[in-house]
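Q: Each chain, written out:
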Amino acid sequence: MDIDYSEKVKEHFRNPRNVGTIKDADAVGRVGNPVCGDVMEIQLKIEDNIIKDIKFQTFGCASAIATSSMITEMAKGKTLDEALEITRNDVADELDGLPPIKMHCSNLAADALHSAIEDYMEKQKKGELKLGENEYDV
Amino acid sequence: MRIYMDNASSAPVDKRVIEAMFPYFDTHVGNPTSLHSSGIDARRALENARESVASLIKAQSKEIIFTSGGTESNNIALRGAAQRKKKKGNHIIITAIEHMSVVNTCKDLQREGFEVTTVPVDKYGLVDQARIEAEITNRTIIISCQYANSEIGTIQPIAQIGAMTREQDIIFHVDAVAAAGKIHIDVQQDNIDLLSISSNDLYGPRGVGALYVRSGILLRPVMTGGGQERGLRSGSENIPAIVGMGKACEIIKEEIKSDSGRMESLQERLIEGVLGNMQHAYLTGHRTRRLPHIASYRFSFIEGESIILSLNDLGIEASTGSACSVKTLEPSHVLIAIGLRPEEAHGSLLLSLNRWNTEKEVDYVLESLPLVVDRLRALSPLYNGD
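Those sequence lines, one after another, are chains A and B. At position 33 of the first sequence the residue is numbered 33 (the numbering used here), and the sequence of numbers has no breaks. So the mapping is simple: the numbering used here equals the position in the second sequence, first residue as 1, plus 1000.
Think of the hints as simulated: they come from the structure by calculation, not from any bench. This one's a predicted model, so the numbers in the text were calculated from it and none came from an experiment. Think of the CB as a built atom: it goes at the ideal place given N, C-alpha and C, for glycine as much as any other residue. Among the hints, erroneous ones may be present.
Stated by the list, open to error - If the Cβ cut is set under 10 Å, some of the chain B residues that face chain A in the computed set are:
#	residue
1	Leu1126
2	Asp1128
3	Ala1130
4	Gly1304
5	Ser1310
6	Ser1322
7	His1346
8	Pro1381
To be verified - If you want the ones that stay clear, here's a sample from chain B, every Cβ over 10 Å from chain A, calculated:
#	residue
9	Asp1169
10	Ser1306
11	Asn1354
12	Asp1363
13	Tyr1383
Unchecked claim - Computed spacing ranges between beta-carbons, pair by pair:
#	chain 1	residue 1	chain 2	residue 2	range
14	B	Ile1136	A	Arg14	53 to 59 Å
15	A	Glu73	B	Ala1378	27 to 33 Å
16	B	Ser1265	A	Pro100	39 to 45 Å
17	B	Glu1272	A	Lys125	55 to 61 Å
18	B	Ile1136	A	Arg30	17 to 23 Å
19	B	Gln1279	A	Arg30	48 to 54 Å
20	A	Pro100	B	Ile1018	55 to 61 Å
21	A	Glu118	B	Gly1339	33 to 39 Å
Given these sequences and hints, build the entire structure.
A: Written as C-alpha cells, this is what we have:
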C-alpha cells in the first residue's frame, strides 16, 4: 500500500464500513464528478432526527473510499444538527490526516453527508405540504 | 510473493550486468581522458560499450554518445537540432503521445520562438504518416516520433516516416526508450537521424542512456565543458554505468528474440485472460502492433489508484495513468490522446513485463485482478451490477 497514506486510511480502504445502499432510504446525497475521478453517494435512514443507518458507495481513489467509510462511522447515531457540524477537516483528522494533494479532491465525504441531510430536510418540507394536500382530499 | 509488473517505470538490473560493472567502481578507476594505463583501460571500456550499444541498433560506434538517460537524450536531440537548424526554419512536428521529456522540451523551445505542431493519433495510438506529411512546411526542421509507446505499447510506422523525412531533408528524431531491446531496431533501414535509448529499459543500470547521432548530423551541445562525447555531452564519463549499459546491450542483442517471444506469450495470456473473462474491461493501444511486454487496459466504473493499491496488497506491483495517481492530478496525456474521456482514463491499468516474469505470476495476476475489480465495483455508485 502507498506510503503516503496513514494506517487508518489504509485500514478503512481495505475494510470499508457501511458499504452499500439502504432500502427505502429517507435521504440520498451524491457529490463529485466522474471526470474528476471521485463520486460519493451517501444514503440515510432517519428516525426522530437521528441517523439510524447510513451507507455509502464511492468511485475514487483510496482516500475517497476511506473518507466515505470514516464519515459513516462518525455520523451514525448522531442527530442531524450534530452531523451537519462534521467538516472535511474533522474527517481527515479522524483518519490521522490525508496527503495534502488529496485534501481537496478526495475529501468530499462531509459534502456528501451534508447533501444527504439537506435532501432529507427538503423532503420534510415537501412532505408537510403533501400531508396538507392529503388532508384536503379527505 | 511479490510480483513486479511495473517494468516500464523501472526494471531490475541483470545480474550479469552488475557483475560487469563491479570492477569499474574500485580496481578500474581511470578517467578515459587520462594518459596512464588506468586511463587507457577506461577508454577501452568506454569504446567497447559504445560498440555494444551501436551494434544493438545497427549504427556505427562513432555515432553513439552516452547521456544520463532517455530524458537527457531527448533534450540533447531536440534542443541541439533546433538550435543548429534555426537558420533553415523553426518548425517542429511531434505526435500527441510523446514522452513528457519531448513534450516539455518542445514547450520550452516554443518559448524561444520555435513553432511546434502536435499531430494526433487514432484510437489505437497509431500516427498516420500522411497526417505528419500534411503538416510539413518549408520551415520544418525536425520531426520527432517515438518508436513505440510505453503506456499502451503501440508501435509507430517508423520506416515510413523515416523514408519521408529523409526525402524532404528534415531531421528525424525517434524516442526508442520503450522499444529498444524489445523489438529489432535498424537506424539505417529506418532512415533515423537521432535515436534516444535508456539503459534501464534494457536491464542495465539507471542514470545512463545513449543518443544515436547519425554521421553528418550536427547538433549544438546543451552541456558544454571538457568536450567529451564528441563535444555533445561534456562531463567525465560515468564509466561503471556505461560499462553496464554496454553489457546490457550485448546480452539483449543475443537474447532479444527469446526474451520478446516469451514476454509476448505472457502478454497474450494477460490480455486474453482479462478480455475473455472480465466484464467492462478493454485493451488500450493496438491489438497487434504492440510491444511484447505491455499489457494495458481500462476498467469501467473504478479508479486506477484504488486498483494499484489493492493489487499491491495482494503482492502485485503495477501502474496506472489515472489522474489520482500523480501530483498534477491530470490523467495521462496518452490516454486522452487516444480518445478516452477523463473518467475512462481514471480506470486504466498498465502491466509491463520483464524477462524474468513467469507464467505462474501471470496466472496469479489473472486470479487476483477480478477480485480487486469486483470489490471496487461493489463500492462504486457508477456500477449497477450488469
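Q: State for each hint whether it applies.
A: Structure-based check of all given hints:
no., hint, result
1, Leu1126, "violated (26 Å)"
2, Asp1128, "violated (28 Å)"
3, Ala1130, "violated (33 Å)"
4, Gly1304, "holds (8 Å)"
5, Ser1310, "holds (8 Å)"
6, Ser1322, "holds (7 Å)"
7, His1346, "holds (5 Å)"
8, Pro1381, "holds (4 Å)"
9, Asp1169, "holds (44 Å)"
10, Ser1306, "violated (6 Å)"
11, Asn1354, "holds (22 Å)"
12, Asp1363, "holds (23 Å)"
13, Tyr1383, "violated (8 Å)"
14, Ile1136(B) / Arg14(A): 53 to 59 Å, "holds (54 Å)"
15, Glu73(A) / Ala1378(B): 27 to 33 Å, "violated (19 Å)"
16, Ser1265(B) / Pro100(A): 39 to 45 Å, "holds (44 Å)"
17, Glu1272(B) / Lys125(A): 55 to 61 Å, "holds (56 Å)"
18, Ile1136(B) / Arg30(A): 17 to 23 Å, "violated (50 Å)"
19, Gln1279(B) / Arg30(A): 48 to 54 Å, "violated (24 Å)"
20, Pro100(A) / Ile1018(B): 55 to 61 Å, "violated (38 Å)"
21, Glu118(A) / Gly1339(B): 33 to 39 Å, "holds (38 Å)"
In the structure shown, a violation is registered for the earlier hints numbered 1, 2, 3, 10, 13, 15, 18, 19 and 20, in ascending order.
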